[in-house]
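Enquirer: Take a look at the letters that make up each chain.
Protein chains: 4
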Amino acid sequence: MKDKCGVVGVCFKDNLKKASYSIYYSLLSLQHRGQESTGIVTRKKNGFFSEKGMGLVNEIFTFDSLDSLDGNAGIGHVRYSTMGASQIENAQPFVVRHSSGTLAIGHNGNIVNAEELRHALKASGSIFVSTSDTEIIAHLIIREHLKGKDFVESIAEVMKKLVGSYSLVILTDNAIYAVRDPLGIRPLVLGNLEGRGYIVASETVALDVVGAKYVRNVKPGEILEIDNYCSLNSHRVIRLPKKAYCMFEYVYFARPDSVLNDIPVYKVRERIGEFIGLNDDIEADIVSPIPDSAIPSALGYSRASKIPYRETLIRNRYVGRTFILPEQEARELAVKLKLNPIAGEVKGKKIVLFDDSIVRGTTSSRIIGLLKGAGAKEVHMRVGCPPIKSRCNLGINMPTNEELIANNKTVEEMREEIGADSLKYLSIESLIEAIGMEDRNLCTGCLTGKYPIDISKYEQVKLPVYMKK
Amino acid sequence: MKDKCGVVGVCFKDNLKKASYSIYYSLLSLQHRGQESTGIVTRKKNGFFSEKGMGLVNEIFTFDSLDSLDGNAGIGHVRYSTMGASQIENAQPFVVRHSSGTLAIGHNGNIVNAEELRHALKASGSIFVSTSDTEIIAHLIIREHLKGKDFVESIAEVMKKLVGSYSLVILTDNAIYAVRDPLGIRPLVLGNLEGRGYIVASETVALDVVGAKYVRNVKPGEILEIDNYCSLNSHRVIRLPKKAYCMFEYVYFARPDSVLNDIPVYKVRERIGEFIGLNDDIEADIVSPIPDSAIPSALGYSRASKIPYRETLIRNRYVGRTFILPEQEARELAVKLKLNPIAGEVKGKKIVLFDDSIVRGTTSSRIIGLLKGAGAKEVHMRVGCPPIKSRCNLGINMPTNEELIANNKTVEEMREEIGADSLKYLSIESLIEAIGMEDRNLCTGCLTGKYPIDISKYEQVKLPVYMKK
Amino acid sequence: MKDKCGVVGVCFKDNLKKASYSIYYSLLSLQHRGQESTGIVTRKKNGFFSEKGMGLVNEIFTFDSLDSLDGNAGIGHVRYSTMGASQIENAQPFVVRHSSGTLAIGHNGNIVNAEELRHALKASGSIFVSTSDTEIIAHLIIREHLKGKDFVESIAEVMKKLVGSYSLVILTDNAIYAVRDPLGIRPLVLGNLEGRGYIVASETVALDVVGAKYVRNVKPGEILEIDNYCSLNSHRVIRLPKKAYCMFEYVYFARPDSVLNDIPVYKVRERIGEFIGLNDDIEADIVSPIPDSAIPSALGYSRASKIPYRETLIRNRYVGRTFILPEQEARELAVKLKLNPIAGEVKGKKIVLFDDSIVRGTTSSRIIGLLKGAGAKEVHMRVGCPPIKSRCNLGINMPTNEELIANNKTVEEMREEIGADSLKYLSIESLIEAIGMEDRNLCTGCLTGKYPIDISKYEQVKLPVYMKK
Amino acid sequence: MKDKCGVVGVCFKDNLKKASYSIYYSLLSLQHRGQESTGIVTRKKNGFFSEKGMGLVNEIFTFDSLDSLDGNAGIGHVRYSTMGASQIENAQPFVVRHSSGTLAIGHNGNIVNAEELRHALKASGSIFVSTSDTEIIAHLIIREHLKGKDFVESIAEVMKKLVGSYSLVILTDNAIYAVRDPLGIRPLVLGNLEGRGYIVASETVALDVVGAKYVRNVKPGEILEIDNYCSLNSHRVIRLPKKAYCMFEYVYFARPDSVLNDIPVYKVRERIGEFIGLNDDIEADIVSPIPDSAIPSALGYSRASKIPYRETLIRNRYVGRTFILPEQEARELAVKLKLNPIAGEVKGKKIVLFDDSIVRGTTSSRIIGLLKGAGAKEVHMRVGCPPIKSRCNLGINMPTNEELIANNKTVEEMREEIGADSLKYLSIESLIEAIGMEDRNLCTGCLTGKYPIDISKYEQVKLPVYMKK
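Residue numbers (the numbering used here), protein chains in the order written: chain F, 3 to 471; chain Z, 3 to 471; chain W, 3 to 471; chain R, 3 to 471.
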């Protein structure tokens with residue numbers, strides 16, 4: 003089960019202050035990380051409270067449900083949307099009762115050796131009610147805990163067994179634990195609720211919305227413990243000489259107003275545009291983004307290239323996840339309902355069209371078709387993310403390698419397929435420069451096929467259908 | 003978790019015939035055994051299909067969901083309704099994936115040593131996602147199976163460990179297993195689908211509705227195996243010199259058109275009335291039942307006593323589980339909305355009012371009030387079930403001993419409290435005679451406090467709120 | 003639009019007491035008169051409040067909605083269920099704003115000259131948003147009111163124009179009006195809320211549930227005015243030498259615990275059974291009803307014939323309006339899911355089976371099949387309602403004449419078609435005697451084809467699909 | 003009832019082609035014009051089909067409902083959202099049956115003399131089921147039609163009586179009529195479905211989405227008739243020497259990719275920014291829009307002023323109409339959840355913040371607070387719409403004059419209240435220039451208090467609560 007998710011954990015010092023509301027607002031701000039299901043689990047002295055459901059944060063929780071989620075500590079989760087594989091059983095946080103209490107886990111990432119671990123657990127008597135990696139992690143932690151270890155020791159032991167990416171929030175009877183894999187693949191940050199408590203979350207936007215001050219990253223290989231008195235304890239369990247921060251979070255996935263690993267996402271996206279723009283000798287009338295994700299890069303490109311920035315496509319804010327499409331007309335309509343060209347801005351223009359990334363190429367092809375249909379003279383595609391050639395196995399939902407347009411085509415072949423007049427990608431080197439990290443600290447596996455973890459050694463689960471919104 | 007439930011399992015020889023529809027119809031006929039949640043799990047060669055939900059059978063399943071529940075074999079479950087303790091996690095059948103496949107279980111009954119077993123399992127590393135006994139049984143079976151035993155051997159081993167009542171339907175990759183506890187406390191029957199397959203179910207009414215012929219009881223201590231080719235194999239694992247068939251199934255719980263342990267429920271209820279009527283020297287104008295459950299007994303009483311049978315209370319068929327009651331007027335209205343006296347039949351009459359049983363006495367009190375308010379001259383209460391003095395721990399949902407009116411009151415005190423002009427109960431001896439079994443084969447624990455199992459030895463789970471409809 | 007409905011109106015003297023709750027409880031008790039849609043409209047000094055919806059009373063109203071239906075006076079309505087013709091636009095009460103205020107109407111009955119009136123209204127400029135007769139009545143009343151008449155005068159004028167059956171509750175800015183057609187075809191009664199106000203309703207059961215005392219019938223041709231101070235004013239507008247009380251209300255439609263036109267329904271149904279039983283020379287082991295409606299008649303038959311009364315069919319209380327039926331198995335299952343024979347009571351028996359009425363004969367045929375399948379030796383059908391030969395046009399939902407089995411078949415032919423060993427109907431004369439009214443005061447149009455109103459003169463609306471539950 | 007709405011009408015030549023799907027897609031593209039309720043009415047030879055509901059287009063219609071909306075011609079409607087006044091009775095299209103058939107109307111606009119017309123209609127016997135102007139129009143048309151006029155003549159006659167703004171789509175048994183008020187206040191355009199039929203709609207974006215070619219505006223005072231064979235007939239009923247196109251459609255309400263009265267909205271918004279930017283001598287580091295509506299103007303401003311364009315606020319795309327806010331924290335959170343400043347882009351910056359318009363000033367105040375909280379050195383507010391001083395009575399939903407910040411404050415007072423370092427509005431003259439029309443053809447009533455219609459003469463309906471999203 004591939005997980006593209008967002009997590010949050012909140013603890014207030016004041017016993018009477020309910021964590022549920024702050025978790026709810028944070029989840030609203032992390033909704034872009036997963037729209038399939040959501041859940042909140044809170045803990046009071048005398049028990050755990052849980053509410054989960056299939057749908058958006060706004061659809062699942064009500065005043066009544068937030069109010070009944072009692073307790074000053076809790077965790078929350080949003081999970082991404084796929085066809086078919088979605089089940090209420092896989093909704094998180096995952097809650098289990100064990101020998102000495104209750105444990106709830108929310109997970110963002112993908113465990114590469116999940117099948118091995120699951121087989122081993124099954125072989126020693128464990129049974130599974132979901133298909134998620136999270137249940138495996140719960141089993142492993144409880145097994146260690148049973149040996150007499152405390153939770154920090156137990157989690158530390160499990161971290162040695164887990165191969166893959168994971169940012170975890172764990173709620174026990176006595177603490178919240180925020181855990182990040184040794185390579186730091188998926189993000190996780192700590193915030194201070196103005197002295198009234200702490201929050202951990204996938205992105206800094208979740209801190210902003212509840213008025214929390216950003217403290218720092220949860221470090222790769224760290225277990226951050228927030229006990230019942232809201233005291234912080236850091237346990238740096240594993241220390242590797244390098245990191246593997248996911249470059250795709252910067253390029254597309256994270257919100258532009260987030261700061262990841264102390265680097266503002268917005269700045270990276272601007273620089274991506276600038277770096278392409280600086281070296282681009284194309285003659286064009288305007289540069290225009292595919293909204294919304296490519297806007298900062300297109301603005302950066304414009305400044306570097308001196309080609310004026312213009313909007314040419316308007317997104318319909320009301321057409322969301324689903325609408326009705328009769329088979330025969332579906333293909334074109336799906337894009338048209340979401341994006342409409344501004345005819346007056348397009349007609350007769352040579353346009354540099356900026357997109358954050360190209361995955362299968364079908365959407366690019368249709369958007370270029372829309373612009374040409376509206377009278378564009380030329381459409382020159384510029385792409386912020388270097389060619390994606392290899393499916394991610396560390397927590398980003400992607401189609402199979404066969405479906406990735408860059409996997410078996412040259413840039414020229416791609417240009418032809420999408421119908422652009424020219425096509426340029428940012429180079430991997432420039433991307434790394436735009437992010438501003440050392441090469442060795444970034445995971446660029448989907449671009450290079452070289453993953454920070456030797457994925458080939460592990461049995462791969464059948465991955466779910468890819469969906470890009 | 004106390005379970006008052008109904009189970010069904012269906013297997014068709016024809017691979018292409020879907021079991022889901024027959025399970026659905028059977029569950030409709032077992033709806034009286036549980037209205038909180040329901041579920042169906044089916045199995046095809048290549049996988050398991052599951053649909054569960056909180057609500058009535060009619061509310062949860064649709065044409066689409068039944069159609070997508072593919073496969074020629076499957077099991078179904080209805081679960082009873084309580085306030086608060088109801089959770090989707092506890093809905094059954096419970097489905098788990100284990101080392102060599104998938105296992106689904108539906109359970110009717112109550113495991114007395116559940117807490118001991120759960121503690122032991124937790125102590126050896128098991129984790130729990132629900133609060134139901136069923137998850138314990140799943141863990142135990144899989145543990146035995148892991149030791150290399152086949153499922154019959156595994157279930158047999160688990161039966162030695164389980165103390166309490168259980169009628170189980172179990173669906174594995176290769177078979178359906180119908181299992182009944184060694185005392186046969188809860189019912190379970192086998193039916194033949196006119197040569198096209200088999201059905202097992204809690205009551206014979208589930209056979210009637212799908213046109214199955216009743217074959218026999220699943221025997222106490224038996225594992226009945228229905229393999230993928232619809233071959234039957236019986237494994238009589240435990241053979242005890244006595245049974246403990248629940249007398250309350252005859253008195254109130256089972257449907258009157260069911261045949262339990264080869265004894266028609268309807269006949270028992272008639273005889274209950276006859277036995278009271280034969281020895282009753284009351285002078286009355288009419289005998290009348292509290293509909294619907296007391297009708298056969300009131301008819302029997304009438305025949306024996308020669309007091310004419312008349313209806314005096316009409317039940318509103320549309321007022322079901324819930325309606326809105328503002329606090330101040332709630333008490334009287336709740337009964338009035340459900341039962342209305344026929345004034346013309348009541349006025350000036352001396353009435354023998356027959357009820358199947360008295361639990362807390364509050365409903366009896368209000369109904370007698372209704373009849374007196376409508377002009378009844380006298381109301382003589384006759385009760386088919388001897389005084390209930392001790393809460394059931396073997397699968398019938400009852401209030402605490404403190405709330406049981408017969409627990410700490412004499413018959414005369416009870417008569418006064420409910421406002422009857424006289425009050426008579428059937429004796430335990432007559433009840434046993436009415437059922438027509440040997441004393442030693444019946445569980446009368448709730449009447450005598452003497453249970454077939456030494457309950458006092460076991461830690462008792464906190465029981466859920468009692469609700470009688 | 004044929005209307006089979008229930009109406010209620012409530013006025014409290016106390017301005018602060020909300021009428022909505024009492025209307026809600028009354029509608030629950032009238033639910034058998036219509037299950038398609040329901041609505042409540044209340045009035046406070048400063049405005050009207052309305053809530054309507056498709057579904058059962060219990061499904062549509064919530065605590066919140068009842069609470070927001072403010073005001074000490076109001077009316078309510080339940081409407082019957084058909085396939086297809088059901089629309090929210092036809093849900094009642096029907097609310098309109100007119101020249102001097104607001105008017106809400108709830109209607110039970112059928113206006114025979116509806117099409118003529120509608121055409122005339124349209125021809126003079128009226129427009130219609132629904133297909134119900136009620137909108138016609140609203141138009142007519144307002145037109146009279148506009149001429150300067152007060153509402154009593156206006157309604158009186160309209161009564162002269164309406165041909166057909168109607169029991170109306172009308173809510174205006176200043177009063178509630180209860181109106182009954184000059185022939186009194188559909189029932190309407192007045193109750194006293196223990197001095198705190200008044201209630202009018204289709205049946206006395208609606209009075210019982212809110213603790214109101216029955217005062218009297220609303221008289222045929224009467225307008226009963228309940229003003230804002232809860233003063234009663236009677237206006238006997240039309241006085242005919244005869245009535246046309248619907249005999250089918252007694253036979254089947256009204257609740258058995260209701261008193262219609264001062265005659266208890268239950269008594270009528272008992273007598274119906276007695277009258278058949280007295281003259282029946284059949285040799286049988288038992289007499290048994292098709293539950294629930296035929297129970298009182300079967301009891302009466304038993305007493306008269308000395309044939310013992312026994313239950314043989316158990317009704318599933320949970321199978322209500324809808325369930326899923328795959329085409330191929332539908333026919334038999336539909337009956338089986340609702341009624342199950344008690345095999346032990348049926349086998350080898352000669353049974354007199356009592357039903358309230360036979361409409362199309364298909365259900366009778368299937369039930370007889372069920373009993374014979376369960377081993378009945380003979381099934382002798384006895385029917386409380388004389389042969390129904392002509393579709394009702396005055397407010398009872400019936401199939402077309404072609405579908406009525408008695409329309410074109412002799413009793414012997416019907417007996418053969420339904421598979422009974424013998425078949426006897428109550429005679430029309432005996433039915434009239436059982437009801438206990440003079441012949442000329444009863445409408446027996448569906449039995450004789452002779453209606454109290456010359457229906458043939460009027461254009462008939464296309465009638466909706468008939469559904470008997 | 004004030005209506006802020008969108009309308010569409012579609013007719014296909016091919017009898018078998020369903021209009022419902024194209025209407026649905028068009029409504030999706032017009033969703034910004036109304037989110038409260040929506041409806042589609044279609045017409046086939048033998049009847050009308052209707053589906054309406056409270057909610058978004060995407061929430062109300064399903065495959066099944068679109069499929070059951072049969073017929074090659076139909077109209078659709080979206081209606082805006084207010085608290086309280088929303089009722090299903092007011093959902094459109096409004097459908098009525100009249101003397102010679104059926105009529106359905108969808109309306110965008112506001113009838114100023116509605117109360118007079120309604121009173122007159124009521125006085126002559128009309129009754130009303132809704133509180134919408136549309137029902138008045140239906141009555142008026144039918145009255146004329148009854149006099150023997152055809153529908154064009156009837157509508158023409160009604161247009162003489164209506165005072166106010168209206169763009170109508172009318173569906174009759176034989177045609178679709180698109181009607182626009184003589185001043186052309188609300189937009190309405192005609193499109194050609196590639197020779198297969200015609201579409202009329204509020205904005206050109208509705209044409210784009212179904213692949214229709216823009217033909218022309220429906221002219222002020224024109225009735226455009228599309229008969230059953232898809233023949234077009236134009237009837238220019240009223241010809242005034244001036245128009246009163248709503249300037250607020252250009253400034254805020256219409257979609258930026260629409261072309262209104264042959265003027266592209268996007269261009270107008272760019273020029274608005276340019277005109278302010280040209281004359282602005284402020285020293286600032288960046289100019290930034292409040293997304294999404296102010297983006298084109300901010301871009302225009304940047305080009306004219308040479309101040310660099312930057313994004314500083316990110317909108318949460320998942321926080322839509324409703325979310326849960328506990329009272330105490332509500333005020334700040336409401337804005338924070340929707341807009342988040344990008345700290346790195348804001349800190350230490352002098353920012354020109356561009357908004358499309360200021361209505362009550364509260365949102366501006368909170369956004370400026372957010373930016374200053376994120377470290378902005380200065381925030382200079384620039385506003386595309388001149389000060390709004392007088393509530394619109396011609397179809398735009400606005401708060402009362404008392405709530406309009408510009409109604410009783412100088413620009414300096416407003417600057418202080420919203421906490422800006424400077425505040426500049428576009429002048430009315432520049433706005434007119436930016437739109438590019440002659441002064442006399444624009445309605446600027448909300449800016450000047452001088453309406454194209456003498457509103458003071460008419461009784462004003464109580465207006466619903468204003469809500470700006």
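What the hints contain is simulated information worked out from the structure, not anything from laboratory work. Hints are supplied without guarantee of correctness; some may be wrong.
[To be verified] Negatives, chain F to chain Z, calculated, CB over 12 Å:
1. Phe96
2. Phe130
3. Ala140
4. Ile265
5. Asn403
[Unchecked claim] Here are the simulated BS3-like cross-link-like pairs (lysine-lysine), alpha carbons at most 25 Å apart as the crow flies:
6. R:Lys352 with F:Lys215
7. F:Lys124 with Z:Lys426
8. R:Lys459 with R:Lys426
9. R:Lys47 with W:Lys149
Note that this is a predicted model, so its numbers are computed, not measured. C-beta atoms are modelled at their ideal positions from N, C-alpha and C, and glycine is treated no differently.
Enquirer: All hints, please: hold or fail.
Expert: How the hints compare with the structure:
{"no.": "1", "hint": "Phe96", "result": "violated, 8 Å"}
{"no.": "2", "hint": "Phe130", "result": "violated, 4 Å"}
{"no.": "3", "hint": "Ala140", "result": "violated, 6 Å"}
{"no.": "4", "hint": "Ile265", "result": "holds, 39 Å"}
{"no.": "5", "hint": "Asn403", "result": "holds, 25 Å"}
{"no.": "6", "hint": "R:Lys352 with F:Lys215", "result": "holds, 23 Å"}
{"no.": "7", "hint": "F:Lys124 with Z:Lys426", "result": "violated, 58 Å"}
{"no.": "8", "hint": "R:Lys459 with R:Lys426", "result": "violated, 34 Å"}
{"no.": "9", "hint": "R:Lys47 with W:Lys149", "result": "violated, 40 Å"}
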